[in-house]
Amino acid sequence: MKKLISLVALASLGLGLVAAAPAGDLVQAQKDRIAAYKAKPKAKSHVAFVSNGVADFWTIAKAGAIAAGKELGCDVTVEFPGGGLGDQKRMLEDLLIKGIDGISVSPIDPTNQAEVLAMVAEKSLLITNDSDAPNAPRLCYIGMDNYDAGLMCGKLAREGCKGGKVAIFIGRLEQDNAKRRRQGFIDGLLGRTPDPTRYDEPSKVFTEAGYTIVGTWTDSFDRAKAKANIEDVMIKHPDLALMTGLFEYNSTLAVEVIRQTGKEGKVQLAAFDEGADVIAGIKEGFVLGTVVQDPYGYGFESVKVLNAFTKGDMSMVPASGVINIPARVIRKDNAESFWKDLKAKLKAGKEAGAKK
Amino acid sequence: MKKALGIIGIFAAIFIVACIFGENFLTGINLMQLTQRAALYSILALGASLVIVTGGIDLSIGSVVCLAGIMTPWLLVEHEWAPAQVIPTVLLMSAFIGLCHGLLVTRLRLQPFLVTLCGLLLYRGIARWMTGDQTQGFMGEFGEVRAIALTKFAIPGIENYRIPSTVIPMIVLAVLIGLFFSRTVWGRWLLATGRNESAARYSGVPTAWLVTMSYVACSLLAGFGGMLFIFDIGSAQPSDFGNFYELYAIAAAVLGGCSLRGGEISVIGVVVGAATLQVLRNTIILVGLSSQLEFAVIGAVLLVGVAADELIRRFNARRLERTGAAASA
Numbered sequence: 001m002k003k004l005i006s007l008v009a010l011a012s013l014g015l016g017l018v019a020a021a022p023a024g025d026l027v028q029a030q031k032d033r034i035a036a037y038k039a040k041p042k043a044k045s046h047v048a049f050v051s052n053g054v055a056d057f058w059t060i061a062k063a064g065a066i067a068a069g070k071e072l073g074c075d076v077t078v079e080f081p082g083g084g085l086g087d088q089k090r091m092l093e094d095l096l097i098k099g100i101d102g103i104s105v106s107p108i109d110p111t112n113q114a115e116v117l118a119m120v121a122e123k124s125l126l127i128t129n130d131s132d133a134p135n136a137p138r139l140c141y142i143g144m145d146n147y148d149a150g151l152m153c154g155k156l157a158r159e160g161c162k163g164g165k166v167a168i169f170i171g172r173l174e175q176d177n178a179k180r181r182r183q184g185f186i187d188g189l190l191g192r193t194p195d196p197t198r199y200d201e202p203s204k205v206f207t208e209a210g211y212t213i214v215g216t217w218t219d220s221f222d223r224a225k226a227k228a229n230i231e232d233v234m235i236k237h238p239d240l241a242l243m244t245g246l247f248e249y250n251s252t253l254a255v256e257v258i259r260q261t262g263k264e265g266k267v268q269l270a271a272f273d274e275g276a277d278v279i280a281g282i283k284e285g286f287v288l289g290t291v292v293q294d295p296y297g298y299g300f301e302s303v304k305v306l307n308a309f310t311k312g313d314m315s316m317v318p319a320s321g322v323i324n325i326p327a328r329v330i331r332k333d334n335a336e337s338f339w340k341d342l343k344a345k346l347k348a349g350k351e352a353g354a355k356k
Numbered sequence: 001m002k003k004a005l006g007i008i009g010i011f012a013a014i015f016i017v018a019c020i021f022g023e024n025f026l027t028g029i030n031l032m033q034l035t036q037r038a039a040l041y042s043i044l045a046l047g048a049s050l051v052i053v054t055g056g057i058d059l060s061i062g063s064v065v066c067l068a069g070i071m072t073p074w075l076l077v078e079h080e081w082a083p084a085q086v087i088p089t090v091l092l093m094s095a096f097i098g099l100c101h102g103l104l105v106t107r108l109r110l111q112p113f114l115v116t117l118c119g120l121l122l123y124r125g126i127a128r129w130m131t132g133d134q135t136q137g138f139m140g141e142f143g144e145v146r147a148i149a150l151t152k153f154a155i156p157g158i159e160n161y162r163i164p165s166t167v168i169p170m171i172v173l174a175v176l177i178g179l180f181f182s183r184t185v186w187g188r189w190l191l192a193t194g195r196n197e198s199a200a201r202y203s204g205v206p207t208a209w210l211v212t213m214s215y216v217a218c219s220l221l222a223g224f225g226g227m228l229f230i231f232d233i234g235s236a237q238p239s240d241f242g243n244f245y246e247l248y249a250i251a252a253a254v255l256g257g258c259s260l261r262g263g264e265i266s267v268i269g270v271v272v273g274a275a276t277l278q279v280l281r282n283t284i285i286l287v288g289l290s291s292q293l294e295f296a297v298i299g300a301v302l303l304v305g306v307a308a309d310e311l312i313r314r315f316n317a318r319r320l321e322r323t324g325a326a327a328s329a
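Going down the list, the protein sequences come from chains B and P.
Under the working numbering, residues 1 to 356 are what the first sequence spells out, in order.
Under the working numbering, residues 1 to 329 are what the second sequence spells out, in order.
Since the hints were derived computationally from the structure, they do not count as laboratory data.
Beta carbons are placed, not taken as given, at the ideal position from N, Cα and C, and that holds for glycine.
A hint or two may mislead.
A few chain B residues facing chain P, derived, Cβ under 7 Å [claimed, not checked]: (1) 54; (2) 80; (3) 82; (4) 203; (5) 227; (6) 235; (7) 236; (8) 276.
Please take these sequences and the hints and turn them into a complete structure.
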């Protein structure tokens with residue numbers, strides 16, 4: 001019993017210490033370490049890139065990270081957590097045990113990962129990619145602004161669909177990028193003045209500017225469920241005018257369901273990311289277009305920035321702390337060239353994966 | 001049939017609620033999609049029930065669904081095998097997995113829970129490693145193979161509803177399993193093994209062989225189901241495809257009247273159990289409940305349904321006892 005009490009006391013002391021260190025102090029501590037590197041740069045740094053899950057998107061990012069590692073002569077470890085939050089935490093802890101010099105992570109749930117992110121900042125150098133953790137002690141964020149990307153998707157939808165019922169499908173809403181992307185989409189579609197702090201409740205049905213948002217459906221990455229969600233919503237709303245799939249597979253499955261139900265051209269789709277079926281749908285003309293990110297750039301820039309840190313160089317980080325790698329819209333006219341470029345990068349990613 | 005009455009009641013209640021409150025629930029296309037989903041999950045649940053009837057459990061169903069489902073497009077698209085090679089290979093592999101489970105349980109006398117839990121980890125790991133965590137899909141091709149799960153047969157006189165092709169294997173399997181238990185000596189031996197393995201063995205029943213074959217059938221059906229799932233969905237990611245499907249299969253089997261202690265099965269109950277879960281998920285969306293409430297609603301409705309079923313059973317048993325006592329007095 002005594003042992004248990006002392007263990008609990010020790011644990012709470014540990015937690016207290018982590019909680020007691022404010023984000024600002026940890027950022028300063030990291031900057032001090034980078035300043036120290038200036039005097040004594042690391043000859044060969046070892047940095048890590050940690051995704052928020054497993055997807056083709058991340059395979060392309062991996063190709064970017066490995067390519068940067070080769071170019072800059074540093075060691076790169078890439079980790080894809082397949083089992084959600086717990087898995088990502090374990091991977092971060094293991095990397096710290098390994099004595100990694102810097103980590104670029106796409107946090108799954110930044111608010112509830114405050115402790116583990118603080119731990120990374122304390123023992124290594126922390127930057128975020130793809131999905132930001134603005135309140136965590138991260139030195140910078142590499143990626144696009146998900147609100148802006150959502151806004152692009154919303155505007156794309158607005159151009160192609162002049163009003164009616166709209167349904168939103170997304171894997172999960174816990175992560176920062178999902179929330180911002182969804183809000184951006186709604187604001188872009190409804191033609192509102194952009195405001196990233198706005199938040200429309202996912203369960204709220206509302207009509208504005210001629211569009212009725214009938215709901216947002218999540219599936220926790222179960223594809224059969226994701227497909228069933230789309231089918232069921234199309235049954236509930238036979239007059240559905242538009243839908244959007246805000247994660248890659250949501251859009252791919254939307255294309256699949258539209259094809260299976262013969263609703264090509266009857267239900268519009270504003271897509272996200274670069275699923276093969278989505279690109280095919282754009283080429284055929286029944287998908288309005290898709291908003292794509294640059295995962296290769298996320299991987300490449302992450303390694304480049306972390307490597308520069310270990311040489312004492314922080315000049316790549318702007319005052320805002322955000323290194324923007326903007327999203328772009330793929331429509332019928334640029335779909336083919338985009339697809340070719342993507343295939344080449346994916347191939348490079350696979351080869352990098354095979355060598356690792 | 002008696003064992004299935006409870007789940008049929010729960011199914012009917014949910015169905016009526018869905019008809020009243022669910023928008024467009026009774027449309028042909030919705031019922032068609034529901035039949036498709038119910039058939040797919042029923043195939044997994046029928047497999048699970050064959051192991052549960054022996055008093056065992058198979059936790060690896062979801063991972064076998066994943067491995068078989070992922071391997072199908074992987075072999076077809078990446079390795080350019082012919083469909084006539086891929087389908088038998090994947091089915092044989094699934095049966096081999098079941099054979100390993102069965103032998104480990106009966107010959108090495110390992111706990112089924114442990115053997116299949118290790119399987120759950122092993123097969124998903126293999127699927128992820130084999131594909132390098134890449135999403136596997138048919139890239140818009142192989143329409144003729146996918147037609148195995150995507151064909152819909154028109155019924156003369158009915159316009160919007162067509163029968164999905166997945167219903168055919170589901171019905172064939174249900175009938176075969178039903179006949180196996182009701183008409184063959186092997187079926188009765190398997191039930192006896194589930195009720196009391198030692199007693200069955202001392203009576204000359206080849207229990208080890210029967211239990212092994214149950215695991216073979218379960219994994220074979222999981223692999224077959226996985227293949228149908230991927231034909232239906234079109235693409236899948238090895239890290240999440242089929243996650244928790246074993247729980248849907250086991251829940252459907254137990255709701256349908258299988259006892260986790262073994263020795264009891266109701267084929268109709270298992271199929272209705274699998275359909276109930278799918279109708280419930282569909283109803284939640286059509287009624288307009290928040291999708292965040294989905295698991296809570298499924299859990300609550302099933303718990304209330306099962307509890308009500310048990311109470312009615314006890315009430316009837318007591319009434320029978322009383323009338324019996326009155327008659328003998």
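Here is what the structure says about each hint:
1. Here the hint on residue 54(B) is kept, as its CB sits about 4 Å from the closest CB of chain P, short of 7 Å.
2. A cut of 7 Å between beta carbons decides the hint on residue 80(B): the least distance to chain P is about 6 Å, and the hint holds.
3. Because the smallest distance between the Cβ of residue 82(B) and any Cβ of chain P comes to about 4 Å, under 7 Å, the interface hint for this residue holds.
4. A distance limit of 7 Å between C-beta atoms decides the matter here; for residue 203(B) the minimum to chain P is near 4 Å, and the interface restraint holds.
5. Among the interface hints, the one on residue 227(B) holds; its C-beta lies about 6 Å from the nearest C-beta in chain P, closer than the 7 Å criterion.
6. Residue-level restraint check for residue 235(B) holds (minimum Cβ-Cβ distance to chain P is 4 Å; threshold 7 Å).
7. The criterion of a C-beta within 7 Å of any C-beta in chain P is met by residue 236(B), whose closest approach is roughly 5 Å, and the hint holds.
8. With 7 Å as the threshold, the beta carbon of residue 276(B) comes within range of chain P, its nearest partner Cβ sitting at about 6 Å, so the hint holds.
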